[in-house]
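Sequences are here, hints too, so could you generate the full structure?
Going line by line, the protein sequences match chains A and B.
Note that this note's numbering has the first sequence beginning at 1, numbered continuously upward.
Note that this note's numbering has the second sequence beginning at 1, numbered continuously upward.
Please keep in mind that the hints were generated in silico from the structure rather than gathered at the bench.
Treat the hints with caution; some may be incorrect.
A pair counts as met if it fits within one copy or between any two copies, since identical chains are not told apart.
Restricting the straight-line Cα-Cα distance to at most 20 angstroms, the calculated cross-link-like pairs of lysine to any residue (SDA-like) are [as the list claims (entries may be wrong)]: (1) Lys82 x Pro232; (2) Lys655 x Asp632; (3) Lys481 x Ala651; (4) Lys659 x Leu572; (5) Lys5 x Met207; (6) Lys653 x Thr638; (7) Lys655 x Val441; (8) Lys653 x Arg639; (9) Lys826 x Asp814; (10) Lys762 x Lys821; (11) Lys653 x Asp632; (12) Lys330 x Asp252; (13) Lys221 x Gln804; (14) Lys268 x Leu822; (15) Lys641 x Tyr745; (16) Lys655 x Ser475; (17) Lys659 x Thr485; (18) Lys655 x Thr680; (19) Lys82 x Gln69; (20) Lys659 x Asp632; (21) Lys659 x Ser475; (22) Lys641 x Asp477; (23) Lys653 x Asp477.
Protein chains: 2
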Amino acid sequence: MGEAKKYVYLFEEGKAEMKDLLGGKGAGLAEMTNIGLSVPPGLTITTEACIAYNLNQKQFPPGLEQQIQEKFLVVQERLGKKFGDPQNPLLVSVRSGAPVSMPGMMDTILNLGLNDETVKGLAQQTNNERFALDCYRRFIQMFSDVVMKVERDKFEQVLERYKTRQAVKLDADLSVESLRLIVEEFKQVVLNATGQEFPQDTQKQLMMAVQAVFDSWDNDKAILYRRINRIPDDLGTAVNVRCMVFGNSGNDSGTGVAFTRNPSTGEKTLYGEFLVNAQGEDVVAGIRTPQTISSMQQEFPGVFDQFVHTCKILENHYRDMQDIEFTVEKGKLYMLQTRSAKRTAAAAIKAALDMVNEGLITREEALLRVDPAQLNQLLHRQIDQTASLKEIARGLPASPGAATGQVCFNADEAERLGKGGQKVILVRNETTPDDIHGIVVAQGVLTSRGGMTSHAAVVARSMGKPCICGAESISIDYAAKVFTTGGIVIKEGDIISMDGGTGQVFEGEVPMVEPGASQELGQLLQWADEIRVLKVRANSDTPEDAKKAREFGAEGIGLCRTEHMFMAQERLPLVQQMILAENESDREAALGQLLPVQQNDFYEIFKAMEGLPVTIRLLDPPLHEFLPNAEDLLVEITRLKYTQGAAQEIAAKEKLLYKVRALSEFNPMLGHRGCRLGITFPEIYAMQARAIFQAVAQLVKEGCKVFPEVEIPLVMDPEELSLLRQQTEAIAQEVMQEQGVQFSYLIGTMIELPRACLVADKIAEHADFFSFGTNDLSQTTFGFSRDDAEGKFLSVYVERKILQDSPFVVIDRDGVGQLMKLAIEKGRAAHPHLEIGICGEHGGESNSIEFCHQVGLNYVSCSTYRVPIARLAAAQAALRYPQKRA
Amino acid sequence: MGEAKKYVYLFEEGKAEMKDLLGGKGAGLAEMTNIGLSVPPGLTITTEACIAYNLNQKQFPPGLEQQIQEKFLVVQERLGKKFGDPQNPLLVSVRSGAPVSMPGMMDTILNLGLNDETVKGLAQQTNNERFALDCYRRFIQMFSDVVMKVERDKFEQVLERYKTRQAVKLDADLSVESLRLIVEEFKQVVLNATGQEFPQDTQKQLMMAVQAVFDSWDNDKAILYRRINRIPDDLGTAVNVRCMVFGNSGNDSGTGVAFTRNPSTGEKTLYGEFLVNAQGEDVVAGIRTPQTISSMQQEFPGVFDQFVHTCKILENHYRDMQDIEFTVEKGKLYMLQTRSAKRTAAAAIKAALDMVNEGLITREEALLRVDPAQLNQLLHRQIDQTASLKEIARGLPASPGAATGQVCFNADEAERLGKGGQKVILVRNETTPDDIHGIVVAQGVLTSRGGMTSHAAVVARSMGKPCICGAESISIDYAAKVFTTGGIVIKEGDIISMDGGTGQVFEGEVPMVEPGASQELGQLLQWADEIRVLKVRANSDTPEDAKKAREFGAEGIGLCRTEHMFMAQERLPLVQQMILAENESDREAALGQLLPVQQNDFYEIFKAMEGLPVTIRLLDPPLHEFLPNAEDLLVEITRLKYTQGAAQEIAAKEKLLYKVRALSEFNPMLGHRGCRLGITFPEIYAMQARAIFQAVAQLVKEGCKVFPEVEIPLVMDPEELSLLRQQTEAIAQEVMQEQGVQFSYLIGTMIELPRACLVADKIAEHADFFSFGTNDLSQTTFGFSRDDAEGKFLSVYVERKILQDSPFVVIDRDGVGQLMKLAIEKGRAAHPHLEIGICGEHGGESNSIEFCHQVGLNYVSCSTYRVPIARLAAAQAALRYPQKRA
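Here is the structure:
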């Protein structure tokens, strides 16, 4: 066997770049040590040691213990103290430190190295027996809890008993004698609970603590955190063993945490808290109210200047806003930790911009400093999660934004109240086109069934209203006008609040955080626009939404869904008349009435987007979506039958039911929809094409520049597109002749079925553009019905890491991505100038946008409120993968 | 410009191999001419001329008319007759002749060349004015109908008038004088109807006839025929212009058709019909009853011997059974046509075997002579399509076989009648697991809704019972116990017949053709087995079916679906109990009761297949398929509410409905099913694995050789298979230890989702075998729900040739096939000895089997009754693509 691996580093042996090996904390301590800051000496045990431990049935890798001892000798020599030395004992803190910040893992153990002997040494050294005993009892309590798994409560009971006996309220008021007795009782608690003596061997204490840190890598909280934050399970954690310094050594000592800039606003002022004569845990425990960091200036003027200077050094060194822990021991400043500071979106933007102005970072770096997903904070109202909240249900976060209002179970009633100026939340099992007028006036929509693509979700998103879907714990009794959830009964008129960005429902009114889009954001996005290669369009169905999208910087509309126009309340009867038509002339008549309405829709949208391309998708959903629900009809018919209803009425409803049934499908997602409607009912697409082209002609006559792109959905074979292209071109020709104007247009297709990807070369022969519909493409590639999967098994899949992410949130690069690449390759081979975009919801998600950039799409299209996110994410992708694009 | 293309061939200039250019008929005439048989001289206009005509806006290609005239001169010289010569006129027949036989195209025009002058010449030549005039009036009638589109009826009216006037019944009894007047009136009819004189110019007659043949390529009947028989639209047709010979020249003349062997049985005897003193059309018209071909021996002994000899020459020459047309003119035999004879499956097999014995063809050729799909005739009872039938409805041919019985709308009633010895057809909108006992006793099942994968279809196929699904014209009124279809009312108890192989429903009892599997078939399949590379397995779910499959030559079971075991009537309550369990222990209890039942199922199936592999698929369908229907419950609850039902009963049903709803899905096909159940309810798959392995252990102890293959369905990611493989292996280990036996087994997966194909390399790391589930793979690749597509848009797609075939019948090589190839490549790269098969319905369809052979599968698995078809098709594939396989 060769030499053992190096598992232990002195702080001075590491550096910032060794984060993977030493963890974030360890790398920070090493870096601070090496740039000459005052850091208590110590050592870091590597993540590799943790990985080896986990792979080796929880056994330390060979050589580890010896390496720790060897490095420890160096530290002891430097300080002139010795571990376990009763005269001059060395005490250490032991902390976990993973490569990425991970709350939920083992926290600090302070004062390790104390035992029945060394506690005396500490008392002598500090000339403070009370302090030494208090350190010891805290150490026993903390060590036994974290390392030996003794219930914390058992120690608290002892403490309470002594406090009662002494008739004092605070731990700090306990007498020396009490503390001495408490220490003895604590050791007895450990023996009773574990059958083991509390370890007096300081080396054993250390190794047990290291093992506990390693084990904490796989505790439930850590696993959950990694799952939620998509952190790989095989990184492992490092362990930092650092000499203790005591902020509680007297009034010339203290401890604090500080941010180099304000983490809420980004303002360039030190921000943090400080406590005189205290240890770090006192700040966290909140027993005493900390002072603001600036107050340190009065208390320790010299140290404060040194601290300010150190902060500057650290910010300049790391070229980013830092989150710093420090301690002052008898007037001497020690830096204990530094890391990149967590910050709000507003702060991230302001700090990045300021740093560019200060010459600290480049524009490119500034762009990479802001998490695109965080921008949501600036664009939607949110519930203030720091407030005390009573969550009563949770569903799918179907449309972001927060709302408060009185519960209403009925769209008509919602409309009445809403028009009367009241704020309502519409609560339904699911919504249908009949509920649209209720959704329009509601502050938000909450449904107990349905998924991210349910009617409620799609309509709410298109209106920019908060929506939560599939909140399954909610059981609605429409007749009694109440809903129950987890034993709580909410009546009509009761106030609830909801956050569509998180899926949470709360009882009563709760505090909100208002959106704060800023000038700074505008500046940042302007820089993003200069760098990104991907264009950004919006998915918008209405002129209002289109205008908003344009304000947000959309460079066109990538998806305008015409079915939402069909669902508008006053048009639905016409649409139903068209569907129920018994013959072609009845159908033509209904379509004839829809034509001017559609034409006006398109006119307004084209006008709002003057000078920019607008992709209009022809009718996509199956026709039964426009008809009443079969079950409702069935109940109604049964009721009429058993209550002597009029035979004529029964017959009419039965006839309607027959038609509904004839159109109903086992798997509507894979049914008679998309271009299949266009093929079987050519008159529907013909009407839509005519409406588009007549609107175009009208605008051209008015001198307006329009760039219409007609999109055929759900194509799986070139022949479909070829047929429908011919029909559409013929109508364009007719309109040009009738109107006496010329205009140009594109005809293309959604690529949203695996087969479309596989025969993309043949399809490209008939297409001017492709637009990936990654929602449906993911559904068919995985064989997942999104509406069914999300409420049922998908969460289990993500929880058990069978899938890293829901494929409906982040593009699945392995499967769906492979098909997309194939389609792009084949499509461009057949048609080199083919314009290719994406209009699935992935078009607004950073990771997916990065993939779209890498595979060479021309644009992404996303919902209006995600346009800024997409602009920034596209710029980041361009910065990270510059070589990938021409 | 170069020289004009050669568009016209004398018969002696062609040969058999020029079928594409000269059409089947033309190539046959050429070949017969060249091997020295007596064929009336003539010429063939090529298919290329037809194609050029169609591409050239229905204009003859340059040079065509001149070439016809030139070749015509040669023919005239040979006969010493001249076209249009009043003294010695040459008459010709003009017939279409495509490269593949195509009924529905233009039929023969006889006697072309007659006009007011030549008719006199014919009268003189034949010394029979009546004959000449009759030929002329027939010619006018035929030519005007076919070429000039004059309604046939108008001529019939004239004929009727003269027959009435003369008081005769038959055309043949019309006097010469009448015929002369009729000719004049016919010409007037043409003038009135078309504004044109009947053409007297014989050259013009000829060119008009040629054009009519070309045009008939695109008539509706021809287009329909090509669609049904999958004949490309761009082949074009040839035109044969042949000198007339007259079988109606007197009693030394005649005409006939004959097969060189019996086309029904294959027996080696001449088979056909013969009419003395008649023309071909008389045989077809059925005015006189033809004699059998053997009767010719008495009438024309010399000619008969010559004919028998000629038949032998032709069979030897073509090395296949021939279908021959001939005419005898004044004692001289003329061959008019020869082609490969259409034959029944039984005849095809017998003839092929006999020809091998006669040394005429090889075994390999014999194997290629039988259409595998035709074998269905030998394996299932069918309705005799030659009988006079009253079709009242048509649905999807969901399970082959024919049945007659009284209509019954209810499974309980069906069971009562069935057990009482009555034959019933169960007629339902759709069936559910509650109907199984009714299906068991029924002769056949007919449903008005649902597709080829509906409950009724799947269950009926597994039982080998006839089934028709989705017969949409049928409207059932359960209350009134009637169904109506196209205005016909069928009551409960009325007799209907059905053919599950064609999807036809008939009123009353109809004649059937019994299946006739023969020794000859056995011989042929034995040869097939020696040649094929693909193994053939069966999809069987019961021991009875497994035994049958083995008899049919199955080499294992490729798919045993365990859900059908769950659906058996006595088990369903246990399954429902398991699903409705409120906690894990209730669920375990129900599963505990299912375990021994499943174990016994597997025991029997393994035993029946001793020595052969058996692939058992773990539970696949979504759980709600085992529960009552939500609509039925809803109607029942509503009824109870409005009829003062017991509150307790209502509450219980509402609770059940709640559970049904909680489990119900928007798109069950893409929902919570397959291994997703195995992941979320591990105890279900654990029970099944235990049942399998306990059965294996039991059999091993009994000394029986079993080869179990456990199959995990609907895998889309390697992690799913990895998890479930671990669980299954652990159970196998447990059972081996508990039972004290060792056994081996394979664990593999269905490949039935696009993503599974895309990540097949990773999946293969955890799989011993892959089995392509091409039903679901086609559904997801196309985005087609089979149950929805088949009844709605798929027929339109096939009709308009957007798709050549339903992808559920023939594997779509462009899309699905591409994914399969990818999966095979990736799977074998990661795991070189991976066993790969197919168990979708394509495994029993010839074209798909050929593809499976080409891409290198190890086996195909198909429904039991298709095993012989698959064996033959696999042999044909091996003969056609020998180089493709190792």
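Here is what the structure says about each hint:
1. Lys82 x Pro232: neither (39 angstroms within a copy, 94 angstroms between copies)
2. Lys655 x Asp632: Result: close both inside a copy and across copies, 14 angstroms intra and 19 angstroms inter.
3. Lys481 x Ala651: The answer is between: 18 angstroms across copies meets 20 angstroms, while 31 angstroms in one copy does not.
4. Lys659 x Leu572: Within one copy, since 16 angstroms is at most 20 angstroms while 33 angstroms is not.
5. Lys5 x Met207: Answer is within; shortest intra-copy Cα gap is 18 angstroms, inter-copy 96 angstroms.
6. Lys653 x Thr638: Classified as both; 11 angstroms inside a copy, 16 angstroms across copies.
7. Lys655 x Val441: Neither, since 33 angstroms and 34 angstroms both go past 20 angstroms.
8. Lys653 x Arg639: both (12 angstroms within a copy, 17 angstroms between copies)
9. Lys826 x Asp814: Classified as both: same-chain Cα gap 18 angstroms, cross-chain 14 angstroms, threshold 20 angstroms.
10. Lys762 x Lys821: For Lys762 and Lys821, both the intra-copy (16 angstroms) and inter-copy (19 angstroms) Cα distances are at most 20 angstroms.
11. Lys653 x Asp632: Cα proximity of Lys653 and Asp632: in one copy and across copies (11 angstroms, 18 angstroms).
12. Lys330 x Asp252: Classified as within; 5 angstroms inside a copy, 139 angstroms across copies.
13. Lys221 x Gln804: within (18 angstroms within a copy, 57 angstroms between copies)
14. Lys268 x Leu822: neither (49 angstroms within a copy, 57 angstroms between copies)
15. Lys641 x Tyr745: neither (55 angstroms within a copy, 59 angstroms between copies)
16. Lys655 x Ser475: For Lys655 and Ser475, only the inter-copy Cα distance (12 angstroms) is at most 20 angstroms; the intra-copy one is 32 angstroms.
17. Lys659 x Thr485: The answer is between: 17 angstroms across copies meets 20 angstroms, while 37 angstroms in one copy does not.
18. Lys655 x Thr680: Classified as neither: same-chain Cα gap 23 angstroms, cross-chain 42 angstroms, threshold 20 angstroms.
19. Lys82 x Gln69: within (12 angstroms within a copy, 122 angstroms between copies)
20. Lys659 x Asp632: This pair counts as both: shortest intra-copy Cα distance 14 angstroms, inter-copy 19 angstroms.
21. Lys659 x Ser475: between (30 angstroms within a copy, 12 angstroms between copies)
22. Lys641 x Asp477: between (23 angstroms within a copy, 15 angstroms between copies)
23. Lys653 x Asp477: Close across copies (16 angstroms), not inside one copy (25 angstroms); limit 20 angstroms.
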